[in-house]
Structures are given as C-alpha cells and as structure tokens.
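Participant: Residues per chain, in single letters:
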Amino acid sequence: MSESLTLDKPRSPRRPAARRNNFELYSWAFMRISGLALVILVLGHLFIMNILDDGVHRINFAFVAGRWASPFWQFWDLAMLWLAQLHGGNGLRTIIDDYARKDTTRFWLKMLLYVAMAVILVLGTLVIFTFDPNITA
Amino acid sequence: MTAVAEPTNDTSQIPAPEGSVTITVKILRFNPEIDNEPHWESYDVPALPTDRVLNLLMNIKNYADGTLSFRRSCAHGICGSDAMQINGINRLACKVLVKDLLAKDGKQTTVTVAPIKGLPTMKDLYVDMEPFFEAFRAVKPYLIAYGNEPTNERYQSVADRERFDDTTKCILCACCTSSCPVYWADGSYFGPAAIVNAHRFIFDSRDEAAEERLDILNDTEGVWRCRTTFNCTDACPRGIQVTKAIQEVKRALLFKRT
Numbered sequence: 016m017s018e019s020l021t022l023d024k025p026r027s028p029r030r031p032a033a034r035r036n037n038f039e040l041y042s043w044a045f046m047r048i049s050g051l052a053l054v055i056l057v058l059g060h061l062f063i064m065n066i067l068d069d070g071v072h073r074i075n076f077a078f079v080a081g082r083w084a085s086p087f088w089q090f091w092d093l094a095m096l097w098l099a100q101l102h103g104g105n106g107l108r109t110i111i112d113d114y115a116r117k118d119t120t121r122f123w124l125k126m127l128l129y130v131a132m133a134v135i136l137v138l139g140t141l142v143i144f145t146f147d148p149n150i151t152a
Numbered sequence: 162m163t164a165v166a167e168p169t170n171d172t173s174q175i176p177a178p179e180g181s182v183t184i185t186v187k188i189l190r191f192n193p194e195i196d197n198e199p200h201w202e203s204y205d206v207p208a209l210p211t212d213r214v215l216n217l218l219m220n221i222k223n224y225a226d227g228t229l230s231f232r233r234s235c236a237h238g239i240c241g242s243d244a245m246q247i248n249g250i251n252r253l254a255c256k257v258l259v260k261d262l263l264a265k266d267g268k269q270t271t272v273t274v275a276p277i278k279g280l281p282t283m284k285d286l287y288v289d290m291e292p293f294f295e296a297f298r299a300v301k302p303y304l305i306a307y308g309n310e311p312t313n314e315r316y317q318s319v320a321d322r323e324r325f326d327d328t329t330k331c332i333l334c335a336c337c338t339s340s341c342p343v344y345w346a347d348g349s350y351f352g353p354a355a356i357v358n359a360h361r362f363i364f365d366s367r368d369e370a371a372e373e374r375l376d377i378l379n380d381t382e383g384v385w386r387c388r389t390t391f392n393c394t395d396a397c398p399r400g401i402q403v404t405k406a407i408q409e410v411k412r413a414l415l416f417k418r419t
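Those sequence lines, one after another, are chains A and B. Just so we're on the same page, our numbering is the position in the first sequence counted from 1, plus 15. Just so we're on the same page, our numbering is the position in the second sequence counted from 1, plus 161.
The shape of chain A in the complex, shown without the other chains:
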C-alpha cells in the first residue's frame, strides 16, 4: 500500500499528451446525425412494409424486385444498412468498453463485432447492387 503512495515525481503528468485528434468528436456527432436519419428511414421502412396497402402479405420476390428497380429505394435501403450498422456498431463498441472486464475479452468481443459488421455490410451492399430480378429459382 505504501508503495503506491511514494511516487518518484508525484506531480508529474501521468497521462499521455492530448493527441489533437477529433475522432471521438466525429463519432459523437455521427451518432446524433445517424440516429435522426435512422428514425426517418426505419419508420418509413416499417410503414411501407407493414402498414401500407396490404402490409406484410403483399411482400414477395416480385415486390422486392419491383422496389429495387428504382435507384431511390436502392439508396434508401443502402443508407439504412450502412447507418444502422455503423450506428449500432459504434454503440456496441462503447458498451463493450464499459462492460468487458479484461483486455483480452474486450479485444475479442470487438473483433467479433467488427467482423460481423464487415460481413453484414459487404453482403448487404453486394445484394443491393447485384440483385438480379430475372434469377431462376
């Protein structure tokens, strides 16, 4: 106990110098802006898919194919995919930082998170851009 109290230079700074890096600022601002955008995108998506016309009963291959023929809906879905993944991923990153007790747990949970994010982002983007409405079953 006494060892922790006797410091060589008790008043010397023990933190690394500030890095003049705005990453945390941008990530904080991104969470606010993407959150707002997601409210519109996701609520709009839910409204179209579940309430409009016949709701969920009219969704089939042709319906999806019809929507993705328009670049507007392609962009809508792409924006929703990227924003939701980055927003949720960044949120989970903070939660892992908070709750993981060991550095190794923290590292592996984050790796799992980043790999899952990358797989879903690549797969989703690929599907949106290479979707073939004339595919044979």
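Calculated from the structure, these hints are not laboratory results. Check each hint, because a few of them may be wrong.
[To be verified] The list that follows gives simulated cross-link-like pairs (lysine-lysine, DSS-like), each with its CA atoms no further than 27 Å apart:
1. 330/B x 301/B
2. 117/A x 284/B
3. 278/B x 117/A
4. 278/B x 330/B
5. 278/B x 222/B
6. 301/B x 278/B
Since chain A is already given, all that's left is putting chain B on it; use the hints.
Facilitator: Coordinates of chain B only, in the frame set by chain A:
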C-alpha cells in the same frame, strides 16, 4: 499510547439526549489488514432529528468502535472531505440531516453508509483520492495567461464573471465523479469534477489556455465519454449543474473550434 478498547458494536455508551430516537446505521466496513472483502456492520445509535449523519459516525467512533475510519475536516460542507454513499446516494455526511432520513409512521430507520465508488477503498469509508486528483491536475486548473503581466488586477466584467460562476463552487469532494457510471467502468475517464474545473478556466475571459484544455478534453478519455446520465448533477452537494457544464464544453468543441 492511548488506551485501546476492543472494537464493539455495543453502542450503549453513546449519550442519548432527550428527544432522540434509536436508528440503525449500517456501515460498509473494510480493514485491509484483516478483511478480504468489505462487509456490513450495524450499529443502533440514538439520534436527534437535527443530527447530521456525521454526528452519528463520530459517536460510533468515539463511544463504540475507535477503528471506524472516515475523512472529515470542517464538518460544515465546505472542505469536501466526508463524501460517502448515504442510502445509496453520494452525499456529504456533514450536510445530511437525520430528520430527512427518518422512516415514515415511526418505523425503525436504517441508514446505510458506504464509501464512494470508483476509487480504491483504503479502509472503511475512506478512499484513495489520488486518481481523482490526478485527473483534476491533468486539465490544468489554474490561470494561464501570456504576454506582460498587468500592473494591477486582471479586470473582468460582471457578465464575464457570471459566465463560469457555477463551476467556481466546486469543493473537489468527488461526489460527482464517484457517482458517474462511466467513471466506474473506466477510471481513466477524466470524470465530471475535472471537467467542471476545466470549464471554470475555459470560460474565464482572463485565461488564455482554453484551446489547450479543450484539446485535452477532446481526447479519448474526455467529454465525449459523457452519456448525460445526470448522476453528477444529482450528487453535487454544492448544487453545480455539472452535466450542463460538460455539455457546454462539448458545445465549445463542436461549434467554436472545428
């Protein structure tokens, strides 16, 4: 060498003045030389409604168990020594009155007292404050001004002084920082108290190192870790709007600089 009385839970020696009621004080005790884990001890003590929790602790220490350890200096809510968790909320023991803790309908009152969280407990109710003061020092909480020193005082308008008035009230008791869930999880976060004291100089018109301090608070462990849970504002015994001060620093970073 003074007489060493065996530590006891027997509180019959505590004088019970007229009008006092017996209440149970449950204290989270920890003696690093004996215990592996903190454990709860109960003491039935006579208390006047006008007593403060600090009086009860002093009585237990003076009449029952001299080994009970806690910090206390001025005992009038100015020095900030006796921050502890009283009934689960961070308070100064010298500012909490027994009458505000009494159970309704004459039921038996129990008051729980534990050390503040997030800082290493050294013994019973007193904690190692060094990590807290390290974060405080890291934000350069002193006037930095360049150029020639003025021959008289550094004048300031009433409005300029008003800008940071709220954050000058801090007494560094650590109630806010040790109530912050982000600080519990990550002790390298600067914590509300350090940000409050940075705010006090960032918004001081006489100070010229706001940029420096904003840089420090813009880093990984700075203001962006704050998740506005308002625990700090609730805990502050001086009534400082701590979360508001943190938000003002964020706003300065967002709109005044980048």
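Participant: So, for every hint listed, does it hold in this structure?
Facilitator: Checked hints:
{"no.": "1", "hint": "330/B x 301/B", "result": "holds, 17 Å"}
{"no.": "2", "hint": "117/A x 284/B", "result": "holds, 26 Å"}
{"no.": "3", "hint": "278/B x 117/A", "result": "holds, 19 Å"}
{"no.": "4", "hint": "278/B x 330/B", "result": "holds, 22 Å"}
{"no.": "5", "hint": "278/B x 222/B", "result": "holds, 22 Å"}
{"no.": "6", "hint": "301/B x 278/B", "result": "holds, 25 Å"}
In summary, this structure violates none of the numbered hints.
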